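Trainee: Here is what each chain is made of, one letter per residue.
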Amino acid sequence: MSKQTIDDSLPLVQPHPLPLVQPHLNTIKERQAARANNKKIMLCGGTGCLAGGSLKIKDAIEKALEHNNLKDDVKVVMTGCNGFCAHGPLMVTHPDGVFYEQLNPEAGVKIVDGHFAKGQPVERYMYRDTVTRKPVPKLNDIPFFRNQTLVALRNRGVIDPEDIDDYIARDGYVAASRALTSMTPKEVIREIKDSGLRGRGGAGFLTGLKWELCSVVVQDEKYILCNGDEGDPGAFMDRSIMEADPHVVIEGMIIAAKAIGAHYGYIYVRAEYPLAVKRLRIAIKQAEGYGLLGRDIFGSGFELNIEIYLGAGAYVCGEETALMRSIEGKRGSPIPRPPFPVHKGVWDKPSVLNNVETFANVPQIIIHGAQWFKSMGTQKSAGTKVFALTGAAQNTGLIEVPFGITLRRIVEDIGGSIKKGRSFKALQLGGPSGGCIPESLLDLPVTYEDIVQTGAIVGSGGMVVMDDTNCMVNLARFFLEFTAHESCGKCTPCRVGTRVMLNMLTEITLGNGREGDIELLEDLAGDIKAASLCGLGQTAPNPVLTTIKYFRSEYEAHIRDRWCYAGVCRTLCTFHIDEGKCTGCTACARACSTGCIVGDKKQPHRIIQGRCVKCRSCFTACKFGAVKIGSALATIGSDPSINTFNDQEVSS
Amino acid sequence: MGRNILVVDDDEIIVRSCAAVLNGEGHEVSGVLSAKEAMNLIKKNTYDLIITDIIMPTIDGLELIKWVNDNYPYLRIIVITGFSSKAVLRDAIALDISEFLPKPFFPQMLIDTVNKTLSTPPKVPLPQKSVEIFDTESLLAITRRYSKKRGALIMVLQEAQELIGYLPASAQKIIAKGMKTPVSEVYAVVSFYSFFTMKPMGKYNVRVCQGTACYVKRANEIMEHLQDDLGIKEGEITHDNLFSLETVRCIGACGLAPVVVVDNDTFGKVDPAKTNELLKHYR
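Residue numbers (our numbering), protein chains in the order written: chain A, 22 to 673; chain B, 78 to 360.
Bear in mind the hints are in silico, worked out from the structure with no lab data behind them.
Since the model is a prediction, treat every value here as computed from it, not as a measurement.
Even for Gly, the Cβ is constructed at its ideal location relative to N, Cα and C.
A hint or two may mislead.
As the list claims (entries may be wrong) - Here's a subset of chain A near chain B, in silico, CB distances under 7 Å, partners left out: (1) A57; (2) T68; (3) A72; (4) G74; (5) C106; (6) F257; (7) R260; (8) A292; (9) G350; (10) P360; (11) F361; (12) G412; (13) T417; (14) D434.
To be verified - Distance windows between CB atoms, simulated: (15) A:E543 with B:R222: 16 to 24 Å; (16) B:P181 with A:K623: 26 to 34 Å; (17) A:E543 with B:K346: 32 to 40 Å; (18) B:K250 with A:M397: 53 to 61 Å; (19) A:V634 with B:S94: 34 to 42 Å; (20) B:E89 with A:R611: 47 to 55 Å; (21) B:K113 with A:K441: 49 to 57 Å.
Stated by the list, open to error - DSS-like, lysine-lysine: derived pairs with alpha carbons at most 25 Å apart: (22) A:K441 with B:K280; (23) A:K401 with A:K207; (24) A:K214 with A:K351; (25) A:K77 with B:K250; (26) A:K60 with A:K77; (27) A:K365 with B:K225; (28) B:K257 with A:K77; (29) B:K357 with A:K440; (30) A:K299 with B:K310; (31) A:K370 with B:K113; (32) B:K113 with B:K257; (33) A:K370 with B:K357; (34) B:K310 with A:K351; (35) B:K226 with A:K365; (36) A:K159 with A:K131.
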């Protein structure tokens, strides 16, 4: 366990005396380019690594550099999230690109002494190949990174997010200057429309079309909004972009504002992301200081001001109309459409809302053109998508892949498959609005259309890998609990419907399921989907429907056989030891919280069922797969072989 | 003035007689026969003084004192014991207790010792409630600052909550007046967003992440353990006002799952069995 603290103070920014115009960008770029070969330590300062203690590592590295008289030669930069969170805290050396992982202050000192002082890379802290166990020094050779294509995340880990000059050196604000000084709004819209960029927040609406619909409305006052209210549990791509590359969001907003003719923008960020808020605040100040926000940007006469708006903790505010009500200072209840926000949005004025990741793609499209963007991905789903890969995979973290890649490549090549000894069960896609995809569908390409066919959605990009110790019924209950809690209460199908479904699922997990429950759940789900007012209710039944579709036998086992094979629902399982497999190593007896496992050393052990509280400690502790999970109907204390469900059993 | 006293002894006669004597002095006395029961009561109620025996079955007095010192360092402790051997005496004194009273003792000796102990200040100051009484003027100043801004109600409420720690009905009325909006509208917003609370928070706010990645890594067990350690349920505050316990829906640090956040500090890869260690940073 480790600790992080976020410092709220803002560094002072020197205001630039005059609005910055094109030549100044080049001056900064040249100045930064001259320093390109300077030695740097890019230490990850994303939320994950900070919690792992990267600030302490930074202190240790700086001391070690001073000790070795390298203080002026090597600069330590705190970057945004690098993406490989499971191996954090981590760093990359610049310019040679060596990747060091799982650091601590001591490791920092050793790397300075070895890598920088003696010129000998330190193998001990390098990534190791999962099969050969050989160290892989270069970041680009690690499978997790090698299989990715970075567009929205192109600056992650390579710039200092709190320094605008670093961003400018990587072609930052070039696209904005082009859009403002040499393109008409129509040309900007055409470029985005031709690129086929679709909203990355979930629904996948064509971004260019949305801008066009808003741009043709004649109104003096329009708004450009950025949705950073990343509410899906298990998703953190927007957080990472805002933390690692805040200027790309601002630049995307400038271009969109030009396209639709807006002069005021809001970035709506969750209050749960203090670091993202801090970095965006710094970025806005720096952009204002350089004249990239405010009046007469790039001398084009175009004006844009951006304000950060902190969310107050309501999942439904990720929904377009609810978010706009929230900005107005009201309850975040959605309203029926039409009128659409592009006609009547914030303060009843035409507004365009795009997701953080959508904005992060925009500057690249303006620079490289629509054709370049279309060359990645598939016909209907162009470009790349960022996913937050979490759960039981070995390599979890943030990844960006082109559309059209198969789910299997993501799980196996990038995620490095399931942890040893366990087997893959399902992939949860799209958070509480999405669904669970079984192994048999893993060869499906990732596109908006193909994923919808399965009953799940691409959504904002949460991807949770489940292994055989996860219970699908309980997981469906978890998501329903979430949506029932977060339902705003305005429309009855969602408010009451999700609650009724939740109660039924809870009863099933407690062992009180009845015949006909599955059919009733399916029936209710259809009604809720059809009758709910906004996306929250319309998609809330998806996790239940997909788990019933692909894991119906698991529901049936819960109801008929009173058996949760994953051993998650405590009233629906019994634990017993397979005497043939037990080596008598006593690991289970030591782990047992109630002391109900008996047996002599090197002799098969036994669980006294009456005292077992089903904490699963023995199951986790056993290294030989001897602890078995049986049905609650299995006769207590009897020979486990009478249990007839052996074919589906999960063993530890 | 009567004070709250807890007597712990495995001998029921001692507990009853102590209670009778101290009740006569106007104190509120509760008695239990084991350290285990004592710990449960200390988690739930506020006491001014603990009187404990040393030699008790399962958990002995020394262990109880250690636990109290770790978790409730401001509690005064009087040790009563019949086996006042030098070793026991040394162990007990080493544990930073207030007084030592060898058994058997006369009622008056008990009364004198108790009164003497209660007249001394607690070993460490009692944790303070966030703020009970707020400054109306500074609250109005916030509303004035935002009065020209459209849709500023949520921002005003966020600042007000930072000032007071929570949003009691009285504060909502003042805000409504300052913002020239109906109280019902202010309440509608406060009750809608999970960030706003109408109950005071503890000095440290403990939030357990229940996002999907944390959930599949058994964050619910962490919640159960924390509820046990703190003796409160989710959404409640410990009686010493030190901790409040909440659920948070994903803080986006899924690579570190399961995660617990205490104020601005994030703890990753938390072991459910070791939640008490995490809280020690703050005690």
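Trainee: All hints are to be evaluated individually against the structure, with a verdict given for each.
Mentor: Each hint, compared with the structure:
Taking 7 Å as the C-beta contact cut-off toward chain B, the hint placing A57 of chain A at the interface is violated, the least distance being around 30 Å. Nearest Cβ of chain B to the Cβ of T68 of chain A: about 5 Å, under the 7 Å cut. The hint holds. With a cut of 7 Å, the hint placing A72 of chain A at the interface with chain B holds, because the nearest CB-to-CB distance is about 4 Å. A distance limit of 7 Å between C-beta atoms decides the matter here; for G74 of chain A the minimum to chain B is near 10 Å, and the interface restraint is violated.
Interface hint status for C106 of chain A: upheld, as the beta-carbon distance to the closest one in chain B is roughly 2 Å, under 7 Å. With 7 Å as the threshold, the beta carbon of F257 of chain A comes within range of chain B, its nearest partner Cβ sitting at about 3 Å, so the hint holds. Of the supplied interface hints, the one on R260 of chain A holds, with its beta-carbon coming within about 4 Å of a beta-carbon of chain B, less than 7 Å. Nearest Cβ of chain B to the Cβ of A292 of chain A: about 6 Å, under the 7 Å cut. The hint holds.
The interface hint given for G350 of chain A is met, as the beta carbon of that residue sits about 4 Å from the closest beta carbon of chain B, less than 7 Å. Evaluation of the P360 of chain A hint against chain B yields a violated restraint, the C-beta minimum of about 19 Å exceeding 7 Å. With its C-beta approaching chain B no nearer than about 20 Å, F361 of chain A sits outside the 7 Å limit, and its interface hint is violated. The criterion of a C-beta within 7 Å of any C-beta in chain B is met by G412 of chain A, whose closest approach is roughly 6 Å, and the hint holds.
With a least beta-carbon distance of about 5 Å to chain B, the hint placing T417 of chain A at the interface is held under the 7 Å criterion. At a threshold of 7 Å, the smallest CB-CB gap from D434 of chain A to chain B is about 19 Å, leaving the interface hint violated. One distance hint, 16 to 24 Å for the beta-carbon pair E543 of chain A and R222 of chain B, is violated here, with the actual separation near 53 Å. As the Cβ distance of P181 of chain B to K623 of chain A is approximately 54 Å, the hint placing it in 26 to 34 Å is violated.
At about 38 Å, the CB distance of E543 of chain A to K346 of chain B agrees with the hint of 32 to 40 Å. The hint said 53 to 61 Å for the Cβ distance between K250 of chain B and M397 of chain A, and at roughly 56 Å that hint holds. Remark: the range hint 34 to 42 Å for V634 of chain A to S94 of chain B is upheld by a beta-carbon distance near 39 Å. Separated by about 37 Å at the C-beta atoms, E89 of chain B and R611 of chain A break the suggested range of 47 to 55 Å.
Take K113 of chain B and K441 of chain A: their Cβ atoms lie about 40 Å apart, and the range 49 to 57 Å is violated. Under the criterion of a C-alpha separation no larger than 25 Å, the hint pairing K441 of chain A with K280 of chain B is inconsistent with the structure, at around 42 Å. Distance hint between K401 of chain A and K207 of chain A is fulfilled; the C-alpha atoms sit about 22 Å from each other, no more than 25 Å. Distance hint between K214 of chain A and K351 of chain A is unfulfilled; the C-alpha atoms sit about 33 Å from each other, more than 25 Å.
Between K77 of chain A and K250 of chain B, the direct Cα distance comes to roughly 45 Å. Violation of the 25 Å bound is thereby established for this hinted pair. Taking the CA atoms of K60 of chain A and K77 of chain A, the gap is about 21 Å. The hint holds against a cut of 25 Å. Distance restraint check for K365 of chain A and K225 of chain B: the Cα-Cα separation of roughly 23 Å lies within the 25 Å cut-off, and the hinted pair is therefore satisfied. Between K257 of chain B and K77 of chain A the alpha-carbon distance is near 48 Å, which puts this suggested pair outside the 25 Å criterion.
At roughly 32 Å between alpha-carbon atoms, K357 of chain B and K440 of chain A are farther apart than 25 Å, so this suggested pair is violated. Of the supplied pair hints, the one linking K299 of chain A and K310 of chain B is violated, its CA atoms being roughly 32 Å apart against a limit of 25 Å. For the hint pairing K370 of chain A with K113 of chain B, the CA-to-CA distance comes to about 64 Å; that exceeds 25 Å, so the pair is violated. A threshold of 25 Å between alpha carbons decides the hint, and for K113 of chain B with K257 of chain B the separation of about 54 Å lies outside it, so the pair is violated.
Of the pairs offered as hints, the one joining K370 of chain A and K357 of chain B is violated, with about 52 Å between alpha carbons and a cut-off of 25 Å exceeded. With a CA separation close to 30 Å, the supplied pair K310 of chain B and K351 of chain A exceeds the 25 Å bound. Distance check on the hinted pair: K226 of chain B and K365 of chain A sit about 20 Å apart at the alpha-carbon level, within 25 Å; holds. A hinted pair counts as satisfied when its Cα atoms are at most 25 Å apart, and K159 of chain A with K131 of chain A qualifies at roughly 18 Å.
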